[in-house]
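Participant: Chains as they are written, first to last, in my numbering: chain P, 1 to 402; chain X, 1 to 520.
Keep in mind that a hint or two might mislead.
What the hints assert, rightly or not - Label-pair ranges, simulated between beta-carbon atoms:
hint : chain 1 : residue 1 : chain 2 : residue 2 : range
1    : X       : M303      : P       : A312      : 45 to 55 Å
2    : X       : E328      : P       : A312      : 19 to 29 Å
3    : P       : K20       : X       : Q124      : 45 to 55 Å
As the list claims (entries may be wrong) - The list that follows gives simulated cross-link-like pairs (lysine to aspartate or glutamate, DMTMM-like), each with its CA atoms no further than 20 Å apart:
hint : chain 1 : residue 1 : chain 2 : residue 2
4    : P       : K401      : X       : E434
5    : P       : K132      : X       : D426
6    : P       : K132      : X       : E483
7    : X       : K117      : X       : D104
8    : X       : K305      : P       : E365
9    : P       : K132      : X       : E434
10   : X       : K496      : P       : E43
11   : X       : K494      : P       : E43
12   : P       : K107      : X       : E168
13   : P       : K102      : P       : E43
14   : X       : K310      : X       : D376
15   : X       : K496      : X       : E443
16   : P       : K392      : P       : E365
17   : P       : K158      : P       : E195
Claimed, not checked - Over the 12 Å line for every Cβ pair with chain P, so calculated as not near, a few chain X residues:
hint : residue
18   : Q25
19   : E95
20   : G101
21   : I120
22   : S125
23   : D351
24   : S358
25   : S397
26   : R400
27   : V467
28   : G490
Read the hints as simulated data drawn from the structure, not as lab findings.
The beta-carbon is built from N, C-alpha and C at its ideal position, and this holds for glycine as well.
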Amino acid sequence: MSGAKEKRTAQAAEAGHWGKDVRSDLHVSLEPSDSGGLEITLESRVSAYYGTSILAQTRQVLETLGVKHARVAIHDEGALPFVISSRIETAVKRAGLGSGKKAMPEKVALPASSARDRLRRSRLYLPGSEPKYFINASLHQPDAIILDLEDSVHHAEKDAARILVRNALRAVDFGDCERMLRINQLPLGLEDLVELIPEQPDLVLVPKVEHPGQIAEVDRMIGELKARQDINRAIWLMPIIESALGIENAFAIVAASPNVVALTIGLEDYTADLGVARTVDGRESLYARSRIVNASRAAGVQAIDSVFSDVADMEALRQWGENSRALGFEGMGCIHPSQIPVVHAAFSPSPAEVEKAEKIVAAFEEAQQRGLGVVSLGSKMIDPPVVQRAQKLVTRAKATKQ
Amino acid sequence: MSERVELAHNAAGRKVPSVVNGRPQIPYLGVGKYQVRGRKAAPPLRSNKDYPDNGDKRLPDLTTALKKGGLRDGMVISNHHHLRDGDRVALMALEAAAKLGIRDLTWFPSASFPSQKSAIDLMQSGVIHHIEGSMNGPLGDYCSQGKMRGTGVLRSHGGRWQAIQDGEVHIDIAIIAAPTADAFGNADGSHGKSACGSLGFALADSMYADTVIVVTDNLVPFPCIPWQIQGNNVDYVVEVDSIGDPAKIVSGTTQITRSPDRLRIAELVARFMREAGIMRNGFSFQAGAGGIALAFVDYLRRMMKEDGVKARFVRGGSTRYLVEMLHEGLTDYILDGQTFDLDAVKSIASDPRHVPTSPFTSYNYHGKGNFASMVDAVVLGATEVDVNFNGNVVTHSDGRLLHGIGGWQNCLFAKCTILAVPSFRDRIPVIVDEVTTLTGPGELIDVVVTERGIAINPQRQDLLDAVKGSNLPVRSIQEIKAEVEQICGGRPAKPKLGDRPVAVVKWVDGRVLDTVWQVG
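Hey, can you work out the whole structure from these sequences and the hints?
Facilitator: Below, the structure written as structure tokens:
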């Protein structure tokens, strides 16, 4: 046991947040000591209801992490149990204790594994260090949620976010949403995988991909971790291209692993790389976005658009979404729940389109029954690709209705 | 200090004191079970010979008016709260009484506000004996801790009218802040630098008090048009520099909530009203000025436009959102109980379709009907709801006083009463086994809308049938409660309450519905 060594390197540490404007989080400060057991103080806005429970949980987490002697001060702002465990574990690790140990919250039932070609119209970004957004995210019914470890997390909070997101994947019921995870840029992202693959996210977004090798590396790592944990369900990949070089390599990137199910683009970084401003109609990124669509179709995966950053302008969002669908994208990112219904509408076929497609499909089926080689609707001949497109559209319309 | 209290169980099974501030009380008997008899209270007879023929009732200052009004120890002094947190007149009157060496007053405001926290000093120095009216913030804490000498009495807006009219509270001197008035005492709330809109909460005070003093910072030559307070009820008029802080009287703009979860609740409420067929031509609704209620109005308004539906009247808590509906032709009238923002004040001052109302027309239960029960649907908040649909709006789950009742109890008589609440706040479940303080009986609460689903009171089979087959997330209240307890990590501990009553909650008929117990 490395107890003696730990004691020498142990230091005071803290984790989490508290204050008037903080909700559903807590702050833990921990001062390791050599003797005297655990001295825990608690201030909580919910102490009348959960004070005893928080103290018991704190002791249990510290015990699991092997911390026997410490002064621990907790300021709680109504954090849920999975958050409490996360913050305590982070403080313990920052103090140089508890190495190799984890305080895992109980697991909620794992949802059914996600299909390769499921609907991915919307994905709601959840900053990995903001626990208050997790619990109700699925109520807003995005097709997917993304637990983000990358750009929305300050570099000093990467360790905390990783533990918090791990606990969220175990303890939070995300309903019918696909549970996506955005890891950090490699190589830090590989460490994220070690901690998080055991919790079986449905899909991993890999940021700032420029070469197929990066996807191959992530894919290999996930494969090894899955084998080690005996995980059989699929964990898909969605590379994010955010540079001119990445765009040039788009097809090779998508083709780098059979687990890639979608390809997307990060327009803030991409436009920065070009040295141009991002506009509302996106003309500066038309080439890049078209390359994304083309590469995706060539590899048989979904093309997914970037996010729209003005959360107040729903009309502009609608226009962006409709344009994006017209270019061949099948979905986009959302940074606020209010964007979700607008995005869903934009990426769903209109009633007129559906009606026309249904007529074409019906004409095709009738022609098949009558053994005719040529499909016609009214006075018009219908070519096979038109039939195929109509079939796709009808299938999609059925899926989006649910 | 505290009187020795005998406690009785009322019809809701709650323990309530049988005597409050020396007056015997009848425990709550059930909804519609108490039969009131007798005649209304009345102010003393007066004669024109004692008032100036030229109609000029002005006095130089409030102290003179209080003295002439016969202010004595132990009297009941009243104020209205239309100036909200910006009011200066209530404290002006109480401090003038303090300077005159007066003690043991009962302060009877229609509501108190945090900026009036120096009333605590006046209670400590003995000027005020106790407060009968809503208490929150520092005053709520003071009362909750058992520091007030008498027992707080919490009434709804309609219950306040009922108590005055039935003679349960006799106002000795009413001091009415008036944004505009003439020297005869006619007063209006919609004009002047301190405009606040409706003055309805002061109407009963003006009709039933022994002495009525109007205090204004905008004296106009007779006649003050329009008037909501009739000068014929007024004894004295006092002119002051300022009756309040305009910035705190009305908010510049009322804000819709930005919280995605609360927006979801608001949208579900609107969708429920549409799916249940409540939103139809000629319907009516009431919603307050809280974040969820405002967002609800915005969603409903969009749906009304989509469906080409128009309301006959809306009630509020009026804000810019209701005013815009009026301008868009989505409602024929606004029946206004209180006026929250600048747009609403401008509207009530200029648009004859935007009408001030009073607790008499809207809320009084001992009358020949009221508006609240004629409303098709009302959207309200609550701090807790229990599995029997009982609601709490006055205390926090730990028993501390948090809100006044306002019009909440009175509104429960609407044809469809909807509570729009988050299922938990900061880990504290809102849906509980039993409310901490019973403020509204579950038989009057029809629908509870949370972000996790819509629970319909099983007694309302008609509503359950009306939304059958819709894609609304209708669930049982027990199911939502169980889910929330799972998220919050188990059932919360029951906070320990003291055994001394610090306030009582009156039902709309003046009977005692529940007790607020000392905390901490």
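Participant: Could you run down the list of hints and mark each one as holding or not?
Facilitator: Against the structure, the hints:
Restraint check, M303 (chain X) to A312 (chain P): a C-beta distance of roughly 21 Å breaks the suggested window 45 to 55 Å. The hint said 19 to 29 Å for the Cβ distance between E328 (chain X) and A312 (chain P), and at roughly 22 Å that hint holds. Judged by the Cβ atoms, the range 45 to 55 Å given for K20 (chain P) and Q124 (chain X) is violated: they are separated by roughly 28 Å. For the proposed pair K401 (chain P) and E434 (chain X), the alpha carbon gap of about 40 Å is over 20 Å, so the pair is violated.
For the hint pairing K132 (chain P) with D426 (chain X), the CA-to-CA distance comes to about 9 Å; that is within 20 Å, so the pair holds. Distance check on the hinted pair: K132 (chain P) and E483 (chain X) sit about 17 Å apart at the alpha-carbon level, within 20 Å; holds. The suggested pairing of K117 (chain X) with D104 (chain X) holds, with an alpha-carbon distance near 18 Å, which does not exceed 20 Å. Of the supplied pair hints, the one linking K305 (chain X) and E365 (chain P) is violated, its CA atoms being roughly 41 Å apart against a limit of 20 Å.
Our distance criterion of 20 Å between C-alpha atoms is broken by K132 (chain P) and E434 (chain X), whose separation comes to about 27 Å. Only pairs whose Cα atoms come within 20 Å are accepted, and K496 (chain X) paired with E43 (chain P) is accepted, the gap being roughly 18 Å. Of the supplied pair hints, the one linking K494 (chain X) and E43 (chain P) holds, its CA atoms being roughly 18 Å apart against a limit of 20 Å. Distance hint between K107 (chain P) and E168 (chain X) is unfulfilled; the C-alpha atoms sit about 58 Å from each other, more than 20 Å.
Taken as a hint, the K102 (chain P) and E43 (chain P) pair is broken in the structure, with Cα atoms around 25 Å apart against an allowance of 20 Å. Pair hint K310 (chain X) plus D376 (chain X) holds up; C-alpha atoms about 13 Å apart against a cutoff of 20 Å. Distance hint between K496 (chain X) and E443 (chain X) is unfulfilled; the C-alpha atoms sit about 28 Å from each other, more than 20 Å. Only pairs whose Cα atoms come within 20 Å are accepted, and K392 (chain P) paired with E365 (chain P) is accepted, the gap being roughly 14 Å.
For the hint pairing K158 (chain P) with E195 (chain P), the CA-to-CA distance comes to about 12 Å; that is within 20 Å, so the pair holds. Against the 12 Å criterion, Q25 (chain X) stays outside the reach of chain P, whose nearest CB is about 29 Å from its own CB. Distance check for E95 (chain X) against chain P: the nearest CB is about 31 Å away, which clears 12 Å, and the non-interface claim stands. Its beta-carbon lying about 41 Å from the closest one in chain P, G101 (chain X) satisfies the requirement of being farther than 12 Å from that chain.
At the 12 Å boundary, the C-beta of I120 (chain X) stays outside the reach of chain P, the nearest C-beta of that chain being 23 Å off. Separation of S125 (chain X) from chain P is adequate, the least Cβ-Cβ distance of about 32 Å exceeding the 12 Å criterion. Against chain P, the non-interface label of D351 (chain X) holds: every CB pair exceeds 12 Å, the least being about 30 Å. Distance to chain P confirms S358 (chain X) as a non-interface residue, since its nearest Cβ pair spans about 38 Å, more than 12 Å.
Not every C-beta of chain P lies more than 12 Å from that of S397 (chain X), the closest at about 7 Å, which undercuts listing it as non-interface. Once the 12 Å rule is applied to beta carbons, R400 (chain X) is inconsistent with being away from chain P; the minimum gap is 10 Å. V467 (chain X), annotated as away from the interface, keeps every beta carbon of chain P farther than 12 Å; the closest lies near 19 Å. Residue placement check: G490 (chain X) does not keep its beta carbon more than 12 Å from all beta carbons of chain P (closest about 7 Å).
Going through the hint list in order, the structure does not satisfy hints 1, 3, 4, 8, 9, 12, 13, 15, 25, 26, 28.
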